[in-house]
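A.B. asks: Following the hints, put chain B in place on chain A, whose structure we already have.
Sequence order for the protein chains is A and B.
According to full-length UniProt numbering, numbering within the first sequence proceeds without interruption in unit steps and concludes at 234.
According to full-length UniProt numbering, numbering within the second sequence proceeds without interruption in unit steps and concludes at 234.
Bear in mind the hints are in silico, worked out from the structure with no lab data behind them.
Where hints are given, some of them may not hold.
Where chains are identical, the list cannot tell them apart; a pair therefore holds if satisfied intra-copy or between any two copies.
What the hints assert, rightly or not - Here are the computed lysine to aspartate or glutamate pairs in the DMTMM-like style, where the Cα-Cα straight-line distance is at most 25 angstroms:
id : residue 1 : residue 2
1  : Lys46     : Glu81
2  : Lys176    : Glu211
3  : Lys176    : Asp45
4  : Lys44     : Asp60
5  : Lys233    : Glu65
6  : Lys233    : Asp60
7  : Lys44     : Glu144
Number of protein chains: 2
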Amino acid sequence: MSIALDVHLKIGGIIFPDMDQCDFTGPFEALARVPNSSFMTLWKDKNPVRDLAGMQLLADTTFEEAPQLDVLLVPGGHGQEALMHDETVLSFISNQAAGARYVFSVCTGALLCGAAGLLQGKHATTHWTAMEVLPLYGAIPGNERVVIDDRFISAGGVTAGIDGSLIVVSLLRGEKVAQELQLYMAYDPQPPFQSGSPEAAPADIVVTVTERARTITQRRLITGRAYQAALTKA
Amino acid sequence: MSIALDVHLKIGGIIFPDMDQCDFTGPFEALARVPNSSFMTLWKDKNPVRDLAGMQLLADTTFEEAPQLDVLLVPGGHGQEALMHDETVLSFISNQAAGARYVFSVCTGALLCGAAGLLQGKHATTHWTAMEVLPLYGAIPGNERVVIDDRFISAGGVTAGIDGSLIVVSLLRGEKVAQELQLYMAYDPQPPFQSGSPEAAPADIVVTVTERARTITQRRLITGRAYQAALTKA
Numbered sequence: 001m002s003i004a005l006d007v008h009l010k011i012g013g014i015i016f017p018d019m020d021q022c023d024f025t026g027p028f029e030a031l032a033r034v035p036n037s038s039f040m041t042l043w044k045d046k047n048p049v050r051d052l053a054g055m056q057l058l059a060d061t062t063f064e065e066a067p068q069l070d071v072l073l074v075p076g077g078h079g080q081e082a083l084m085h086d087e088t089v090l091s092f093i094s095n096q097a098a099g100a101r102y103v104f105s106v107c108t109g110a111l112l113c114g115a116a117g118l119l120q121g122k123h124a125t126t127h128w129t130a131m132e133v134l135p136l137y138g139a140i141p142g143n144e145r146v147v148i149d150d151r152f153i154s155a156g157g158v159t160a161g162i163d164g165s166l167i168v169v170s171l172l173r174g175e176k177v178a179q180e181l182q183l184y185m186a187y188d189p190q191p192p193f194q195s196g197s198p199e200a201a202p203a204d205i206v207v208t209v210t211e212r213a214r215t216i217t218q219r220r221l222i223t224g225r226a227y228q229a230a231l232t233k234a
Numbered sequence: 001m002s003i004a005l006d007v008h009l010k011i012g013g014i015i016f017p018d019m020d021q022c023d024f025t026g027p028f029e030a031l032a033r034v035p036n037s038s039f040m041t042l043w044k045d046k047n048p049v050r051d052l053a054g055m056q057l058l059a060d061t062t063f064e065e066a067p068q069l070d071v072l073l074v075p076g077g078h079g080q081e082a083l084m085h086d087e088t089v090l091s092f093i094s095n096q097a098a099g100a101r102y103v104f105s106v107c108t109g110a111l112l113c114g115a116a117g118l119l120q121g122k123h124a125t126t127h128w129t130a131m132e133v134l135p136l137y138g139a140i141p142g143n144e145r146v147v148i149d150d151r152f153i154s155a156g157g158v159t160a161g162i163d164g165s166l167i168v169v170s171l172l173r174g175e176k177v178a179q180e181l182q183l184y185m186a187y188d189p190q191p192p193f194q195s196g197s198p199e200a201a202p203a204d205i206v207v208t209v210t211e212r213a214r215t216i217t218q219r220r221l222i223t224g225r226a227y228q229a230a231l232t233k234a
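Just chain A, with the same shape it has in the complex (with noise of 0.2 angstroms):
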C-alpha cells in the first residue's frame, strides 16, 4: 500500500511567527528521514520566525518557490489564530491539498485547515482545548491520538505530532520503515507522569490549563462561528 521506492516524494511543512515549535519540529524528525524524500520548511520569506516561547526558526523554501507537495505538514499554537484569514496562507494549504497525496495537521493546525476549507466532512482531531471549535468548520471531531480520513491526517495537541509522523511514514513508505525511524529516535516513551491527557490528568490540573488556555479558546471559537456564519450566509 505504500508508495514505489524510486518515487521521490516532496514533503513540506509550514512554519508561522507564534507557532508551537513542537508541533513542526516532533513531525519533521521523522518526515525529514523518509528514504528517498526531500523536506522543505516552508514561509513567506525566509526571515527568521520565533515560535510562542521564542525560538527562531528559518524557512528555506517560500511559497512562492514551492512545489507540489506530495505531504504537506500544518502545525498550531496559539499564532495560527493571526492566519485565519491570511488568504496567502490559506490558498497556499489549500492549493497543495488539493494535489498532494496526505495533508498531515498537528494540534490546531487543524483550524488552519478548517479556514482552508478542508475540514467539512471529514473526521479530525486537534488540541483538546480546542476540541469545540472543529465542528464550526464542518469536522466531525475525535478523540483520538491521530485521525486518518482519507487523504487527511491529523494529530492531537503538541506531542501528538510525533505519533502521527510515524503514521504518516507508515503510510509512505511502510512500517519497517517508521519502525527504522522510531527505533533511530529511542520513541519508547516513558512520561514521568500521568498528566498527557484531560482524562488523565488530576482535576485540579485540567482547571488550571484550561483556563491558561481560555482566552486563545475563546478567540478560536468567535473565529470559527464567523466562519460558519458566512458559509450558511453564502
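C.D. replies: Frame of chain A, contents of chain B only:
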C-alpha cells in the same frame, strides 16, 4: 525540594551544526515554559545552524554573552563528534557546569559532557548505539530512559529528552508545574509501533539501525579511547 518561585531561573540550551534538532526542541517545549524563567538558545554566533536533517535554527545568545545558567541543556546528534576537541564548546560546558544547578544532556550530548570532564564516576545514559562509549569518559552507563546523578541528569536517545525535561521541570518548580506542562503538551504518547528500543524492536530493525550507525559509533569509540588513553597517561 523545588526552588522558590520568586527565584528567576536562567535556562540555556546549546545548538550546533549537525545536531539532532529533536534533542533540543523536545526539551525546549517544557523548559522554555518554566514559570519565572528565561530560556536562551546558545551557540558561538548567531548565524543559522543546520541540524543533521537540514532544519535551520538560530541562537539568540552567544557563549560569550551567556550569564551563569541555572540549567544547561546539552543535546547530541552526529555533529557532537566534531565538537569533542572544540575547546570553546567544552570549556563553556565545564565552566557553566561548575556553577549550574543542573546539567541536562540528551542523547549523545552526554559524550560532549564526557569530553568536558563532567562524567567521571557519574551514572549516565545516552543513545543506545553509543552506550558502550560512556565508560571511556568514566561514566557508569545506565539503560534507564532518564538517569539522575546529583546535579547531572541525562536522557537516552532523541525523544527521551521529552521525558527528561519534565523531570527537570519537576526538580526546578515541583511536580504540579511539570504536570501542567505535560497536559499543555498533550504528552500522552501512543507510539503506533513497538519499535522504540533495541529490546522492543523486531530483530531485523535493530540490525538495520545499528548498521546505519556503525560509522559514527566507530568514530565515537575512537575518540573516547583517545580521551581515556590521554587521561591514563596524564
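A.B. asks: The structure should be examined with respect to each hint, and the outcome stated for every one.
C.D. replies: Hints, verified against the model:
| no. | hint | verdict |
| --- | --- | --- |
| 1 | Lys46 x Glu81 | within (21 angstroms within a copy, 29 angstroms between copies) |
| 2 | Lys176 x Glu211 | between (42 angstroms within a copy, 15 angstroms between copies) |
| 3 | Lys176 x Asp45 | neither (36 angstroms within a copy, 40 angstroms between copies) |
| 4 | Lys44 x Asp60 | both (10 angstroms within a copy, 22 angstroms between copies) |
| 5 | Lys233 x Glu65 | neither (36 angstroms within a copy, 57 angstroms between copies) |
| 6 | Lys233 x Asp60 | neither (40 angstroms within a copy, 48 angstroms between copies) |
| 7 | Lys44 x Glu144 | neither (32 angstroms within a copy, 43 angstroms between copies) |
Checked against the numbered hints given earlier, the structure breaks hints 3, 5, 6, 7 and satisfies all the rest.
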